[in-house]
Amino acid sequence: MPESTVHIGLLLPEVLGTYGDSGNAQVLCRRLRWRGFDAEVVPVGLGEPVPSTLDMYLLGGGEDGAQALAAAHLRKHRRALTPDAVVFGVCAGLQVLGTRFRGLDGVDHDGLGLLDVTTEPGERRAVAELVATSPEPLGPLTGFENHLGISKLGADSEPLGHVVRGTGNGDGTEGAVTGHVAGTYLHGPALARNPALADLLLAWAAGHPLPPLELPEVDRLRVERLTATRRRRTS
Amino acid sequence: MTHSRRFAETRRRPVARVTDSANSQRPPSTIQPVTPFRTRASVSAGRLTAWLSRSAGLGKGAVIGGRITLALDPKALRRVGRDRTVVLVTGTNGKTTTALMITKALEALAEVAANSDGANMPDGVLAALAARPEAPYAVLEVDETYVPWVADQLNPAVLVLLNLSRDQLDRVGEVRSTERELRKAIGNHPETTIVANSDDILVASAATEAGKRIWVGTGRRWTGDSTACPRCDGLIDHVKDHWSCACGLARPEPAWTLDGDLVRTPGGRHVDLDLRLPGDANRANAAFALAAAHRLGVPPHTAAARLRTITDIGGRYRTIRRSRHSVRLMLAKNPAGWVETLRVLDEDTPVVVAVNAQEADGRDLSWLWDVHFERLRGRQVVVTGERCADLAVRLCYAEVAHWAEPDPVAAIDALPPGGVELVANYTAFRDLVGRLPGA
Ligand SMILES: [Zn+2]
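In order, the protein sequences belong to chains A and B. Note that full-length UniProt numbering has the first sequence beginning at 1, numbered continuously upward. Note that full-length UniProt numbering has the second sequence beginning at 1, numbered continuously upward.
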């Protein structure tokens, strides 16, 4: 990393912070510090300009009205998110990163167009544990999902994984990636449960992979969650 | 059934009468407490079931009894609640405590029927009223979502609206529709005095157009949920204690305010609380209780003195003694509750934190990341409960040293002899209390 301190932007936590989303920023920050890098979380509030100088930008989940409010603000500051910025969105954050999303009121909103994803409300809310498979370096992805949105990926985005249990994007795929921009329906928060995903984002920001980090607590939780959902699936 | 003429005779009236029409339309001693036969029969049947379920060790007999009564006679609640001065207490946190406080205060006036077991669905409310058929007052905590229906049956004199936040993450969005339903219910009961929290945006939105309202200001305690305006989805502007939205919704000026341990009354007097229960959340509950009791004629100093007799709430905050440990039990049901509970923990005492994620707790544990567990740094911490692995990861990233022991009783026993602070969420608390003798 060129600068000495890595700045992790937590975008609009007051409206996009429904699912413990600040946890993702905290996870990234700690994983950097434990490896000896300086890192800090920079919250960017609604009404404030989004600085273009941050290394990473995180968007969390939020309710319908809050999501529209967030999208309107971020559209104004779209240019801050330069092509080499690392951006990660969860749930409403994923939808805002897409090109367009439709609210419960049937109104279409423009997203930021950083992911080739369009979202419409589905028929039923997906509220459950979500498990997806993904090739290395990610491996199995686990989290909790709570959303109504059905997201369709266009040609410019790849899914993050394929659903084993739960709903995800709604067509068997889960999440989306374009370049260094990623979105997912996994919360819990996603990066606490999926350290490989956290390290992938950090590797994007650093320009190279980071040394491994052993956290037995995290391994234990992953094994427990993956076996618990498998057990429920087969029973 | 022991209902009889005695009802009118033993019934004491408040020292200071409330002069609104909701109460004055009821002359003190002319009411004929004739309970229709159907209600009487069904209440007896319900009581029998309650007794049976208790004897069979099924636990909360009161709820099961009430459920059967309502099934037998849907109008039972209206009949059993008739001719009483009813106080309903609702909100996400503090219902049981505040209701108990108001009950204690009103007992200065006369007998009070109350669901102090925390059974706050219609059947629990009915069971509480049926258990005290002659009490002229009723103080009932009611689950937020049942308030409209219960209020229609009972025409409360006072409705206390404490706070509205998400109970469970997988119920996101529901708190806003709850607010809209409460607003509508309040509009349908112009004679009811609403005692409401001026610092809670959703509560203020629900109560702003009430016919009679008393605002209580206890400070902003939880801000996690009320991000956009409940009226217009616009941005809420916060300047120090004040908040406002461009649509006109704004913090009402409170008549009662909490300042440290002091409650300032509308008359400008200060009442020292000096509660036995710990924490700012309980002091806030006390401010609501003083305001509600004052509305019904209990002077604030009298009420405060009575609140000091409360040492635990249904086992919560109670200290139980085991052979090597004395364990203080604390229940935290949701993120807002956890934030409050972590604040009241004694600094030098080891902590056991227990978390489950059953249906009643909410399956989604993301809220763990909204709670400032960093507060536990430097203490002895044991994580326990069915989801202690999630808690361990949270504490790991909070840099709180801890060890994990999935069994809560074993977790307590693993600590050195002495005091233990135990915080648990709903089913973890319930299961643990069931396993600890004397709890
Ligand atoms: Zn507004």
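These are computed hints drawn from the structure, not numbers from a lab. Computed from a prediction, not measured in an experiment: that's the story for all the values here. Cβ coordinates follow ideal geometry from the N, Cα and C atoms, glycine included. A portion of the hints provided could be inaccurate.
Claimed, not checked - What follows is a set of in silico ranges between Cβ atoms, one per label pair, in the way DEER data are often shown: (1) A:T227 - B:E209: 30 to 38 Å; (2) B:R78 - A:H77: 52 to 60 Å; (3) A:E123 - B:R377: 43 to 51 Å; (4) B:D237 - A:R102: 25 to 33 Å; (5) A:G172 - B:P190: 49 to 57 Å.
Hint-by-hint comparison with the structure:
{"no.": "1", "hint": "A:T227 - B:E209: 30 to 38 Å", "in the structure": "52 Å, violated"}
{"no.": "2", "hint": "B:R78 - A:H77: 52 to 60 Å", "in the structure": "56 Å, holds"}
{"no.": "3", "hint": "A:E123 - B:R377: 43 to 51 Å", "in the structure": "46 Å, holds"}
{"no.": "4", "hint": "B:D237 - A:R102: 25 to 33 Å", "in the structure": "29 Å, holds"}
{"no.": "5", "hint": "A:G172 - B:P190: 49 to 57 Å", "in the structure": "54 Å, holds"}
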